[in-house]
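Protein sequence lines, in the order shown, are assigned to chains A and B. First residue of the first sequence: 26, per this note's numbering; consecutive thereafter. First residue of the second sequence: 49, per this note's numbering; consecutive thereafter.
Among the clues, some could well be false.
[Stated by the list, open to error] Here are the simulated DSBU-like pairs of lysine-lysine, each with C-alpha atoms no more than 35 Å apart in a straight line: (1) K144/B to K80/B; (2) K170/A to K182/A; (3) K162/A to K182/A; (4) K75/A to K144/B; (5) K144/B to K162/A.
If you are wondering where the hints come from, they were derived from the structure by calculation, not from laboratory data.
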Amino acid sequence: MNIMDQVNSLLPGFLTADGFAGVADEAAGIVFLIMLATTIIGGIIACNSKRLVRAVTGLALCFVGVAAIYYYLNSPFVAMMQMLIYVGAVCITIAFAIMLAAPEDKVKPGPSGPLSGPLGLITAGLATIGMIGLAVKTVFPVMPKINMGSVQLIGVKLLTNYSMVFELVSIVLLIAILGSLVIARHGRSK
Amino acid sequence: MSLLNLHNDLNTYLVLAAILFGMGIYGLVTRKTLVGMLIASELVLVASSINIMAFNRFTAPDPSIGQIFALFIMAIAAAEAAIGLSITIAVYRNYKSVDIEDIVDLQG
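Could you put the whole structure together from the sequences, leaning on the hints where they help?
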């Protein structure tokens, strides 16, 4: 009996190496469930709340949960970009647009069209149930991994295999931002 | 399959993405303002992104390609949000309203 076995036999169950791994797995599962609930609750707030400011807050909450889900999908870099771009940029931009151009007292009460209310709920429910049924029933072929998808590999591939797409996306972003400035500025002196 | 082991299952992520997609569709058909519809369309985009990342983690041989694709989706989503919001502001300046029922100039 070596020294490690003696130490392990003295410790309570969850402090040994195997026991600690088990506790860590359980903790990861619990955090995942919390983040799943965060995502869904945020989504419900984002699509259901009457006031748009609350909807944007729900959207930010939903995006934080989605970032955690990317983390569970072995992609910490994408999780960080999700926090930076969606929570940090898109939600703030939408909040600015609400402050600039969404006077909520001017919106007429009442339904917004033939699909609002229960019919809209049925439409969305049918789409959701159909997609869940397809996803659960289909058997997807699993291929063996050829690498681990590390951040270093993402950087190398962005600058070698996908450098053309990378540059094109940069140009699309530049043109989009310039175009949005032009559209929003047009007729400002009125 | 226990509840604490859900994060190792592909179906969890697919079901979550389907739920987010349904919420986005519901928001798109029920919202009365342009900004509300834009918020709902962000939910649809994020649902597609979760789907790609889930298949990337569980079935694809090279997990870095899906992450690169998700990054491109984020860039396109940011561009879409910027243009959509500037159109909203331009519409508000011309019509003094962002209610979709007031913007009917092209209605036949």
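Against the structure, the hints:
no., hint, result
1, K144/B to K80/B, "15 Å, holds"
2, K170/A to K182/A, "17 Å, holds"
3, K162/A to K182/A, "34 Å, holds"
4, K75/A to K144/B, "20 Å, holds"
5, K144/B to K162/A, "49 Å, violated"
Checked against the numbered hints given earlier, the structure breaks only hint 5 and satisfies all the rest.
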